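Protein chains: 6
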Amino acid sequence: MPTVKLVDEQSASPRVKAIFDDIKATKKIDFVPNFWRALAAHPDNLERAWNQGKSIMKDGKISLLLKEIVAVAVSVTNSCRYCINAHTAACLKLGLDQESLGEVLAVIGLYNQFNKMADAFQIEPDILPKLE
Amino acid sequence: MPTVKLVDEQSASPRVKAIFDDIKATKKIDFVPNFWRALAAHPDNLERAWNQGKSIMKDGKISLLLKEIVAVAVSVTNSCRYCINAHTAACLKLGLDQESLGEVLAVIGLYNQFNKMADAFQIEPDILPKLE
Amino acid sequence: MPTVKLVDEQSASPRVKAIFDDIKATKKIDFVPNFWRALAAHPDNLERAWNQGKSIMKDGKISLLLKEIVAVAVSVTNSCRYCINAHTAACLKLGLDQESLGEVLAVIGLYNQFNKMADAFQIEPDILPKLE
Amino acid sequence: MPTVKLVDEQSASPRVKAIFDDIKATKKIDFVPNFWRALAAHPDNLERAWNQGKSIMKDGKISLLLKEIVAVAVSVTNSCRYCINAHTAACLKLGLDQESLGEVLAVIGLYNQFNKMADAFQIEPDILPKLE
Amino acid sequence: MPTVKLVDEQSASPRVKAIFDDIKATKKIDFVPNFWRALAAHPDNLERAWNQGKSIMKDGKISLLLKEIVAVAVSVTNSCRYCINAHTAACLKLGLDQESLGEVLAVIGLYNQFNKMADAFQIEPDILPKLE
Amino acid sequence: MPTVKLVDEQSASPRVKAIFDDIKATKKIDFVPNFWRALAAHPDNLERAWNQGKSIMKDGKISLLLKEIVAVAVSVTNSCRYCINAHTAACLKLGLDQESLGEVLAVIGLYNQFNKMADAFQIEPDILPKLE
Numbered sequence: 001m002p003t004v005k006l007v008d009e010q011s012a013s014p015r016v017k018a019i020f021d022d023i024k025a026t027k028k029i030d031f032v033p034n035f036w037r038a039l040a041a042h043p044d045n046l047e048r049a050w051n052q053g054k055s056i057m058k059d060g061k062i063s064l065l066l067k068e069i070v071a072v073a074v075s076v077t078n079s080c081r082y083c084i085n086a087h088t089a090a091c092l093k094l095g096l097d098q099e100s101l102g103e104v105l106a107v108i109g110l111y112n113q114f115n116k117m118a119d120a121f122q123i124e125p126d127i128l129p130k131l132e
Numbered sequence: 001m002p003t004v005k006l007v008d009e010q011s012a013s014p015r016v017k018a019i020f021d022d023i024k025a026t027k028k029i030d031f032v033p034n035f036w037r038a039l040a041a042h043p044d045n046l047e048r049a050w051n052q053g054k055s056i057m058k059d060g061k062i063s064l065l066l067k068e069i070v071a072v073a074v075s076v077t078n079s080c081r082y083c084i085n086a087h088t089a090a091c092l093k094l095g096l097d098q099e100s101l102g103e104v105l106a107v108i109g110l111y112n113q114f115n116k117m118a119d120a121f122q123i124e125p126d127i128l129p130k131l132e
Numbered sequence: 001m002p003t004v005k006l007v008d009e010q011s012a013s014p015r016v017k018a019i020f021d022d023i024k025a026t027k028k029i030d031f032v033p034n035f036w037r038a039l040a041a042h043p044d045n046l047e048r049a050w051n052q053g054k055s056i057m058k059d060g061k062i063s064l065l066l067k068e069i070v071a072v073a074v075s076v077t078n079s080c081r082y083c084i085n086a087h088t089a090a091c092l093k094l095g096l097d098q099e100s101l102g103e104v105l106a107v108i109g110l111y112n113q114f115n116k117m118a119d120a121f122q123i124e125p126d127i128l129p130k131l132e
Numbered sequence: 001m002p003t004v005k006l007v008d009e010q011s012a013s014p015r016v017k018a019i020f021d022d023i024k025a026t027k028k029i030d031f032v033p034n035f036w037r038a039l040a041a042h043p044d045n046l047e048r049a050w051n052q053g054k055s056i057m058k059d060g061k062i063s064l065l066l067k068e069i070v071a072v073a074v075s076v077t078n079s080c081r082y083c084i085n086a087h088t089a090a091c092l093k094l095g096l097d098q099e100s101l102g103e104v105l106a107v108i109g110l111y112n113q114f115n116k117m118a119d120a121f122q123i124e125p126d127i128l129p130k131l132e
Numbered sequence: 001m002p003t004v005k006l007v008d009e010q011s012a013s014p015r016v017k018a019i020f021d022d023i024k025a026t027k028k029i030d031f032v033p034n035f036w037r038a039l040a041a042h043p044d045n046l047e048r049a050w051n052q053g054k055s056i057m058k059d060g061k062i063s064l065l066l067k068e069i070v071a072v073a074v075s076v077t078n079s080c081r082y083c084i085n086a087h088t089a090a091c092l093k094l095g096l097d098q099e100s101l102g103e104v105l106a107v108i109g110l111y112n113q114f115n116k117m118a119d120a121f122q123i124e125p126d127i128l129p130k131l132e
Numbered sequence: 001m002p003t004v005k006l007v008d009e010q011s012a013s014p015r016v017k018a019i020f021d022d023i024k025a026t027k028k029i030d031f032v033p034n035f036w037r038a039l040a041a042h043p044d045n046l047e048r049a050w051n052q053g054k055s056i057m058k059d060g061k062i063s064l065l066l067k068e069i070v071a072v073a074v075s076v077t078n079s080c081r082y083c084i085n086a087h088t089a090a091c092l093k094l095g096l097d098q099e100s101l102g103e104v105l106a107v108i109g110l111y112n113q114f115n116k117m118a119d120a121f122q123i124e125p126d127i128l129p130k131l132e
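Residue numbers (my numbering), protein chains in the order written: chain A, 1 to 132; chain B, 1 to 132; chain C, 1 to 132; chain D, 1 to 132; chain E, 1 to 132; chain F, 1 to 132.
Hints listed in this document are in silico derivations from the structure and should not be mistaken for laboratory results.
Incorrect hints may appear among the rest.
Same chains, same names: a pair is fine if it fits in one copy or spans any two.
To be verified - With a Cα cut of at most 25 Å, we get these calculated DSS-like pairs of lysine-lysine:
(1) Lys54 to Lys27
(2) Lys5 to Lys93
(3) Lys5 to Lys61
(4) Lys61 to Lys93
(5) Lys58 to Lys28
(6) Lys93 to Lys24
(7) Lys24 to Lys54
(8) Lys5 to Lys24
Quick caveat, the model's predicted, so the values are computed rather than measured.
With the sequences and hints as input, model every part of the structure.
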């Protein structure tokens, strides 16, 4: 049972409806994902989150695909079911092939292991050349 | 104080010394990072971890730089000080510029927020087209 | 499938039954939540956990509602499905309105993002005035 | 060593300087916290993060103090050193007394324990009355 | 919906089939757990992960049961549903009785609480006698 | 800077002093660890936490050493510096040798990796024989 009621497109207020339309147009999908429908229970949160996400998740200095790969890495490390599902699908839709996905998952697994081993040893960061 | 004694190159056993040499050659660095010096307290662990890391962290279907970016995303999400430091430096060494790093960090921050909001709502994953 | 068998009220031992009755009376509910039914598989754990929870989750210097809001913040950050559900419901039952819940969720989302960005930067805590 | 160079007020660009001034005025402090100085390495991130934070962290339906208490709960659960320090200080500055802080910490500890016990049992959420 | 297609024994390639057979023989089970069936979508990952797991999860200086108990502690702390289920079952199969399981769970709960309280206080590690 | 002032033995109230003495006697150490000195800022929390810890961390159905190993597994997975340090030291003091510690760390690393891979795949728990 969701913690808030999901807003559907039919009953959305004009303010929420406009954001729903922008979501569908920007993401080129024909439905409003549950994440945004849940956020719509609190329109200020919906607007703030959508504007933030829209301004970040687009091609920039790095590609949208690379950003979606980073989203998978974060979502897996946080064990977020909803987000793992959504961002893995986004990567595949943007052209990541299964073999490359396998490499991404291997790296994610590796560093979840190495991160904790580094913590276990309580080692200090290596002294590296300074940032210029 | 590290939880195990760091092994240094001078006092390393031949088995450990050979791995240390391979680490320096493979990573093109002139020192053995503390992570591997700590692992060397347990040579079986060192050998297993190094072989695993070496087989994953190389150019493949996706580039080593993309893999290092994934390593940063995992390490930040796990809040691993040692690894954030090491992998951010590796990204910069492999040519990631500061502006691109800024975009990576924005994506990492965004999904640490959105992951928890999705969890808060307890929403079900969207029904997406099947994997072929 | 739960990892332990849930104890039901009918088959509970007198020791467990007494705690179940105290749970229902204290929380003013007419069923024993699954959390306590699972803990009852190990009566020492049940008794210890219930006594601890009962002594903390009551009006004190800060109100029970504020404590339930803190419980939501912890549970969302830990992505605990069972607990998010239970403590969100407790907040609403204690009078938190939907708009206030929206503000709580916005703050929880914000700091899950900012926490990780602070970790990413590896910044030192600011020097603040001393605790008196 | 921070992962990015901290921007100081003297060398900040006019765009960054204006945000720094707004931070100091809004938070009624006479220095720019390291978090914002690090974000300033990427001015788009600084502007986006500051606007988001400013719009959330103010008195609303719930008080700023309650929001800072939620920030402490999130930051402790994420083990974020920088943020624990900053938000505990903010709570005390806003008038939370030591005894109340002790109650907040007890609740945070309690649910970090109970969250994991609930996960360990793999129990289903209780069936609760529907959200209206 | 799994993020990758689960490979079943009938359609597995000879390379994957050989690993599946080794998994069943080593673990003395008559089915291939979903974890390994999912990994099989990327045979390099399957081979690497299985070899790593097989070399670690066997009686050594410490017993396999103790290792499975450690696996439960890690899996609960990470809130990994699949793994909590699998490793709790493995402990019981290896002879851990319900009362001992209760003690393990109490310790896991205790330190998930104390870990966060220690983080909340931002205390320095105690000065302890040096490692020899 | 700790978030609360550490209480020292000289200035402790009689109630706190009695608990400090019990800590030293029970743990057979001649100083009060910082964790308990920080908790002492809130005597109710100190008393509750100490009583809980004392009742769990003793030989029972499973040994104190096994419990300390579980504490290491939890603390590493939570990346708790203070606790990793304290519980690794406790294991060594109770007789765990370096080689066994290496095996424990390998298992902890392994499952931090496998937990996240299982989450990445979004697989359902295997159907296992029922709990009796």
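Hints versus structure:
Taking identical chains as interchangeable, the C-alpha atoms of Lys54 and Lys27 lie at most 25 Å apart only when both belong to the same chain, with a minimum of 9 Å there against 28 Å between chains. With identical chains, the CA atoms of Lys5 and Lys93 are at most 25 Å apart between copies only, with a shortest distance of 16 Å across copies and 29 Å within one. Only between protomers do Lys5 and Lys61 lie at most 25 Å apart by alpha-carbon distance; the minimum there is 20 Å, versus 38 Å within a single protomer. In this homomeric assembly, Lys61 and Lys93 come within 25 Å of each other (Cα to Cα) both inside a single copy, at 20 Å, and across copies, at 17 Å.
Only within a single protomer do Lys58 and Lys28 lie at most 25 Å apart by alpha-carbon distance; the minimum there is 13 Å, versus 34 Å between protomers. Only within a single protomer do Lys93 and Lys24 lie at most 25 Å apart by alpha-carbon distance; the minimum there is 15 Å, versus 35 Å between protomers. For the homomeric pair Lys24 and Lys54, the shortest alpha-carbon distance inside one copy (12 Å) is at most 25 Å, but the shortest distance between copies (28 Å) is not. Proximity of Lys5 and Lys24 under a CA criterion of 25 Å is satisfied intra-copy only: 20 Å inside one chain copy versus 28 Å between copies.
Hint check: no violations occur; every hint is consistent with the structure.
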